Amino acid sequence: MDLATVIGIVLSFGLVVAAILTGSSLMVFISVPSALIVLGGTIGAALVNYPLSYVIGVIGVIKNTFFSNLDTPASVIDKFKDYANRARREGILSLEPLLKEIDDDYMRKGLQLTVDGLEPQTIQEIMETEISYLQERHETGADVVAVLGTLAPAMGMIGTVIGLVQMLQTMSDPSTIGPAMAVALLTTLYGAILANLVFNPMSGKLKTRSKEEVLIREMILEGILAISKGENPRIIEEKLNSFLPPKDRVTDQP
Amino acid sequence: MDLATVIGIVLSFGLVVAAILTGSSLMVFISVPSALIVLGGTIGAALVNYPLSYVIGVIGVIKNTFFSNLDTPASVIDKFKDYANRARREGILSLEPLLKEIDDDYMRKGLQLTVDGLEPQTIQEIMETEISYLQERHETGADVVAVLGTLAPAMGMIGTVIGLVQMLQTMSDPSTIGPAMAVALLTTLYGAILANLVFNPMSGKLKTRSKEEVLIREMILEGILAISKGENPRIIEEKLNSFLPPKDRVTDQP
Amino acid sequence: MDLATVIGIVLSFGLVVAAILTGSSLMVFISVPSALIVLGGTIGAALVNYPLSYVIGVIGVIKNTFFSNLDTPASVIDKFKDYANRARREGILSLEPLLKEIDDDYMRKGLQLTVDGLEPQTIQEIMETEISYLQERHETGADVVAVLGTLAPAMGMIGTVIGLVQMLQTMSDPSTIGPAMAVALLTTLYGAILANLVFNPMSGKLKTRSKEEVLIREMILEGILAISKGENPRIIEEKLNSFLPPKDRVTDQP
Amino acid sequence: MDLATVIGIVLSFGLVVAAILTGSSLMVFISVPSALIVLGGTIGAALVNYPLSYVIGVIGVIKNTFFSNLDTPASVIDKFKDYANRARREGILSLEPLLKEIDDDYMRKGLQLTVDGLEPQTIQEIMETEISYLQERHETGADVVAVLGTLAPAMGMIGTVIGLVQMLQTMSDPSTIGPAMAVALLTTLYGAILANLVFNPMSGKLKTRSKEEVLIREMILEGILAISKGENPRIIEEKLNSFLPPKDRVTDQP
Amino acid sequence: MDLATVIGIVLSFGLVVAAILTGSSLMVFISVPSALIVLGGTIGAALVNYPLSYVIGVIGVIKNTFFSNLDTPASVIDKFKDYANRARREGILSLEPLLKEIDDDYMRKGLQLTVDGLEPQTIQEIMETEISYLQERHETGADVVAVLGTLAPAMGMIGTVIGLVQMLQTMSDPSTIGPAMAVALLTTLYGAILANLVFNPMSGKLKTRSKEEVLIREMILEGILAISKGENPRIIEEKLNSFLPPKDRVTDQP
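Residue numbers (this note's numbering), protein chains in the order written: chain A, 1 to 254; chain B, 1 to 254; chain C, 1 to 254; chain D, 1 to 254; chain E, 1 to 254.
Hints listed in this document are in silico derivations from the structure and should not be mistaken for laboratory results.
Any given hint could turn out to be false.
The list makes no distinction among identical chains, and a pair is therefore deemed to hold if it is satisfied within one copy or across any two copies.
Said to hold, decoys possible - Here are the simulated BS3-like cross-link-like pairs (lysine-lysine), alpha carbons at most 30 Å apart as the crow flies: (1) Lys63 x Lys81; (2) Lys229 x Lys63; (3) Lys247 x Lys100; (4) Lys79 x Lys229; (5) Lys79 x Lys247; (6) Lys63 x Lys100.
Every value quoted in this text rests on a predicted model; they were computed, and no experiment measured them.
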């Protein structure tokens, strides 16, 4: 559960509502047609921009900004110290019985290839291809949300221009100008809120998550290659620690 | 057929029209001269920006946002498992009779070079050059449409400034100001709609399509190189699967 | 002759003039001082931005957007098939008499180095340095024009702010406000037109041209290296064809 | 202590306050609700954009823009000349007793690995991984602050639009329009000040600091590799000097 | 002396002054407080953005946009043809007496290392490090000026919003609105002029200069490596010429 996403949305929307309530009723700011044109138009343009499956998939992608269950780097280092020691003492085949207990698909596949005796270079090729396409898929997910974040204010601006044109056409009664323009501005407001409080920050969180997941995978790859080359467990620990800031490193000193 | 493009355009334009109709007649928003300056000016500037053949080619490029007929990754993996097994059992020349049944030009050319006995490295050079220039051509196609997407709002803004200058020059009768400015704003509206509902999202879809096609070609290249190096069919399957998300992978388990 | 540039400029300027004439006389939009500050200020800032020779050179660069005389890829492939066959049959020295008939400096220099018996790797180094600095010079040319395209609207905006300040200072007579603001907006209009109809698209065409020329040079380099390594003419043809889209390839089939 | 950050903030905020006081009382520009929506909304959106620990960590990151205690490049060169001479004369193991006097974690770890007799290539891998992930963590820190710098004006704009809508709805009494719009503009002002005087420049300083730290680390890595390869102390000096501008180089000439 | 910078600044500022004088007195546009907030605020924010030494160093950096004394590429080629011939005929040590006559630090250091008999690869490493950090320092210099170019309009906008708020608060007397808003717009004007006529173009010139200097250094490096490998003088000439456009090349033909 990513509390930050929940707290952030509650905090920023709460403040926007509070800012509104200090000056007027909330009803003044609610307009179903304005919401329809901004949100619907954004989704429409997103469907032109991406295949259907990507736009539908965005719901799952956004869900990812609320949940997260990655291994910690420290637990990855601990596991590899254990595997490396075991492989050193009892041979690489001794890792085989452990495979089915490993939850992480990527780690299990890598160790399986190692136990199967593939060349380190072949393992590296396969596992790096996997990381680089994982990265590309993550990027696409974050990009879909970022595109929503550029379309929403554009739709808001289109809605406001439509409202302005209608207001200017019928400017005979000056007393209606103010309220008409107020309504026209609502789409701009909706677009700005959707983009800046929802889509852009969510796209940012997806990118941050992707970096963290890729870091974990690169540590796993480094560890697997080191094991398949039969490297010294202490060197493996040094290698994996070098991915981390000094304060997060795993050391044997008590 | 890419339904998303059709649905997206219908949805977003429908909502724009609906938003207009809630406040006025649609006729207020139709102005042939405004449409001419925005669309014509955009095309004119695009002709300065690109050679004639690129601008004419944009029609074909846009058609690509409505249609698509790529192989699925799964069928590519299936084919290569078949080829790899056959090449293992009966030798690489046994692939020759299959060549003429292959629809995909790229895959057929690659297998032809393999059957002809070229070095894997030479095959890789030729096939990678082909991918990288395909990518460049795709990029150019998407760029032409993206340039249309930056020119349209610029032309809209130029049209609005022209209208504003004319309105300001003849401001003697205040009652004409509103409608004159309304007309002046129409080019801004047209530019924003063309850019945000048509050109920019279409350029986005072309980029997404290009990535999907390049992914397929990179899988084909990986497969062909593996066959030409005589690699184990299981390793080939692992290699090709590593391009895909876990849920799309091809496995032999039932 | 690049017809597109001419047609594009005529079309877009024609439409702007037509848009003006539907609402007022053209004279309203002509202001020599406004033109002077936008164009002169743009040139002044460009002189701060680039050495004198670059700014003077921009005239020649812009001329390049109207003319073009590159070899076609197909003729490059034909020539190399011919050279490769000749080199195969009669030895590489048999190419020497052809050298003085070659128009293209780059191709002649490359073949000269080949005939002189330099190592393929040395030829590659020299010829790649040449391509990469050609590319850099092209980029600089396109960048100078692009900088003009960012300076022009900035000067337009400066001119408009100056006009606004003057209008606001002397707002005693309301009837003069409109025309004064109309004049102030002219520099914005000039800046937007110069940038969007002239400089930005011309910079775009220079980049497109550069890509086409670099493609030709990379094909020539590939061909020369293949000849200097004594490769099979059919392989050379395959290699050069891989730079092109399937429909532009040269094949021997009738 | 980074005096520039302190002087800069005092100078720019002082001038803003002075600019206000020449025209009105400061109280006109103080609005707690406006400050709340801009700052609170920015923090809220940042929490959606980054995990909780990053947003909390930003306080420590901002503190880094006020303090700095890096080794100077000259002292790094001096140390390595000393180490290199010692390693040459008395063997690499003679560096071991020095290790515990070294403050810098990175340098100590590198020398430790050298004294332990690891291959230069393994040392390079470990130490480069450490630099590249340090760089990534620095970048993330600067990015969090930069995102605050894009969110603040967005929140300011949202606050202003809310104020505008409320003003336009109740435009019956013209005398209230001015002050209401003045208040609405305050959030825009707060957003612009936060972004341009605080967040963006701080993000810039973090990037500059990161470059300086990475430079020092790259010099240390170069020095350690040279020692582990047993290179000549004069060559090591030349290598390390080549990272610096001529005037900062360390030479033996008096 | 870089005449273009001087001519450019005189021309663009002259045109701005002329544009002002056609409509009003220059005094209307002079406001010391406005200048103070824009320039002072820009410097203040720059001090937050960069360490003190960088901001002070910007004066020296800006001076570089007025002066320049680089070797021409042709003279570099001539020198290397001479050195290469001499090294061929009389051995590489014959270059030693020439070293003290060489003005350029970089060329002298490179030849010194060559005469000292270092491996070409070691020379290349040292000299490339020097180029890449020179490039980074140049980039930082240009970036400092570019950041001034983004801060100035931001400060101008902040000043204008402050003026607007004050004007709107005291809108009781309509006759004061015009002049008050005129004054408020002055900071926007100052910011736009500083950015577009001074800082941005100067940053551009620094980048152009850096490219020219790096080109010269890369030619020198290529020449030194060729000499240290004992390459043929004609090949060296070919290699160095390939950095240049055909019309600037040095040839022996009369």
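Going through the hints against the structure:
Taking the closest pair of Cα atoms, Lys63 and Lys81 never come within 30 Å of each other, the shortest separation being 34 Å inside a single copy and 36 Å across copies. In this assembly of identical chains, the alpha carbons of Lys229 and Lys63 never lie at most 30 Å apart, being 39 Å within a copy and 43 Å across copies at closest. In this assembly of identical chains, the alpha carbons of Lys247 and Lys100 lie at most 30 Å apart only when taken from different copies (19 Å versus 32 Å within one copy). Taking the closest pair of Cα atoms, Lys79 and Lys229 come within 30 Å of each other only inside a single copy of the chain (17 Å); across copies the shortest separation is 33 Å, beyond that limit.
Proximity of Lys79 and Lys247 under a CA criterion of 30 Å is satisfied in both settings, with 19 Å inside one chain copy and 26 Å between copies. In this homomeric assembly, Lys63 and Lys100 come within 30 Å of each other (Cα to Cα) only inside a single copy, at 29 Å, whereas the closest approach across copies is 47 Å.
In terms of the numbered hints stated before, the structure departs from hints 1, 2, listed from lowest to highest.
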